[in-house]
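For this one, chain A is given, so just place chain B on it according to the hints.
As they're listed, the protein sequences go chains A and B. FYI, in the numbering used here the residues of the first sequence are 142 to 433. FYI, in the numbering used here the residues of the second sequence are 22 to 423.
Just so you know, the hints here were simulated from the structure itself, not pulled from any lab data. From the three backbone atoms N, C-alpha and C, an ideal C-beta is built for every residue, glycine too. A portion of the hints provided could be inaccurate.
Claimed, not checked - To give a feel for the contact side, a few chain B residues facing chain A, derived at Cβ under 7 Å:
| id | residue |
| --- | --- |
| 1 | V170 |
| 2 | G171 |
| 3 | M357 |
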Amino acid sequence: MTRLLNLLLNGVTLGAVYAAFALCLVLIFRATRIINFAQGAQAMFTTYLAYELVSHGQPYVLAFVVALAAGFLLGAFVERVVVRPVETGPEINAVIVTLGLFVAIEALAAILFGNQFQSFPAPFGVDGFRVGSVDLALTGNDRYRIVAVLVAAGLLLALFRFTNLGLRLRAAAFGQEVARLLGVRVGRMLTLGWALAGLFGSLAGLLIAGGSLFSPSYMQGVVVFGFTAAVLGGLDSFGGAVVGGLVLGFTQSLVAGYVASSLVTMAALAILILVLLLRPGGLFSSSVARRV
Amino acid sequence: MSTAITSTPAGGPAATREKGLKGLPGMRSTALRHLLLMVLAYVGVVLLLKTLDPFRASQMASVAYFIPAVAGLTVLTGLNGQISLGHGALMAVGAYTAAVLLERAPGLPFVVVVLGAVLVTALVGVVVGAAAARLHGPYLAGATLALAVGVPGLAIYFEDLLGGEQGLRVRPPQSPDWFEQLTGATSRTYLAYLGWALALVVLFLLSNLLNSRVGRQWRAVRDNEVAAQLAGIDLGRSRVVAFVVSAACAGVAGALYACVIRLAAPGSFTLVLSLSLLTAIVIGGLGSLLGAVIGSVLLVFLAPFLTDRGAAFGLSDIQSANVAPLVYGLVLVLLMLIAPRGLVGTVRLKMLQRQTAGLRAAQRTTELDTPAQGTPAQGTPAQGTGEQGTGHPSTGDHQVRS
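Chain A extracted, bound-state conformation (with noise of 0.2 Å):
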């Protein structure tokens, strides 16, 4: 019973971070009807900057702080020069495009950094505490990561729900012909969206290698984690991209802990394609049809 417990709160843990990474998905495929595979390894990459600073006796907020904005400006340069020209063609392409990058980005890491797996001082203790005569696992680290998560999607809520700008990206996403006839510059909007799916990410790679063990292909896995909780949630909804994280969190968490953790990739694809087989538009769709 307390290994159910316990897996299953190592599952929330998970699944925060996951949902973290699938909004940034969504952020981008709402914008501009794009996957970015290329998410993952640019999550990498900011991840290895701040572990850089952290080696070097810096402080973690810092290179929390130089992460983040590392992702951000990233997010803008690979929109604004790289995916824009294959924006309008055919999908195929900015498929093409993102798995470039994301190949090119990882073995640049390895040639910067190496290719061993560092380790990532936890930015909190590692100690769980005890309820009653029950030991939890939840440890410090995790409630920060659960915290974090929480923290930066309520605040991507906030931009986007009351504020002039998240009106114009809803604006820009939503149609680029009206909003630019109404003065929106969709272009520069896009641009953002991207800077913030940067920014997002590469907390969800932070938060993913805090305490652990990472090198340039640890976010493969993360990557199609993601892209499963995003699928699952439908692809455009924040709040279904979150539910998606979390289930993916507890499949991991449990298959790892009752089958293997050499099969959790497979459970994500089972589920993935279950997914797209029977509910094409996500768990929460209305009953619009959607061409998967």
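The following block gives chain B in isolation, referenced to the frame of chain A:
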């Protein structure tokens, strides 16, 4: 090339204008022409292999295992419009099947081993293809990405059968005596001869398939689903068949791979392998078999070259091993931005543009010579637009989409 446009109603000169092999007697049959091409290519490869040192010969063997996989993928992506990042994983299926067969039944003829690998991979292809047939673009990419990341985990999970992290050692087929007497080559280069024979057989089969009803159906499905459906094509079936054929090719590649590398291990079938295959088809040009061969050659010979460049810049071994993937990624991005048609496609487009330019010039002169061919009532406008249709850059636009 397309002589039909220029052929005159008189018919006489048209026959003499047939270029290349088509002009030879008996070469009207596409299958025969392809067969002759493949045999010639194999003779060329054999002559080349005889002059190469063992290291180069082993590189040629590597080209041979890439060709079926790349050709299968280019057919799937270029002709049927489905993208797959899972072909590395499908190669793993073929490689492990071959490894298990060679381990459990050492006396099995190599052809049977390859057929076994093809069968198992095709079965996996049916399952994956059935799901993939209903997906497109980013969704398909995501699902097959999961396959590429997930399949190595299976090899670790089924440790007793598949050898876990260490993988399975593979004892490659030994060269028969007559082979060594005939070629004077060592048994190490045997795999290069064998591999190229297999690769060319795959290319032969694929090239005929593409020219058949099946290939036309695939292109129809890619270009316009609704029109294809109206013409009576079952979209789902067509897609599944394309995926299965492509998977079977990856199975051949995997079996060869296992024999050449002499190991089937999860570490060989990374996502980078799948993405290198994608790079090869994009460089070669989507849908072109010749492009697939060029892409495979580049994959094999470019990688060590780039690694050497990296080492020359003072990078460590691990660092310089990553120069090749870095270049692959950049090439993918740059090609999509600059020349989305790939090498073969771009050259073809240029040739087409030059042809049409020449055609238009010729037309202009004939129009000047014989100003009134049709009746004046039908008018030059109608004829003019019709001819502009063939001579205009719209021919190029069409090529872009294919």
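Structure-based check of each hint:
1. Taking 7 Å as the C-beta contact cut-off toward chain A, the hint placing V170 (chain B) at the interface holds, the least distance being around 5 Å.
2. Of the supplied interface hints, the one on G171 (chain B) holds, with its beta-carbon coming within about 3 Å of a beta-carbon of chain A, less than 7 Å.
3. Because the smallest distance between the Cβ of M357 (chain B) and any Cβ of chain A comes to about 5 Å, under 7 Å, the interface hint for this residue holds.
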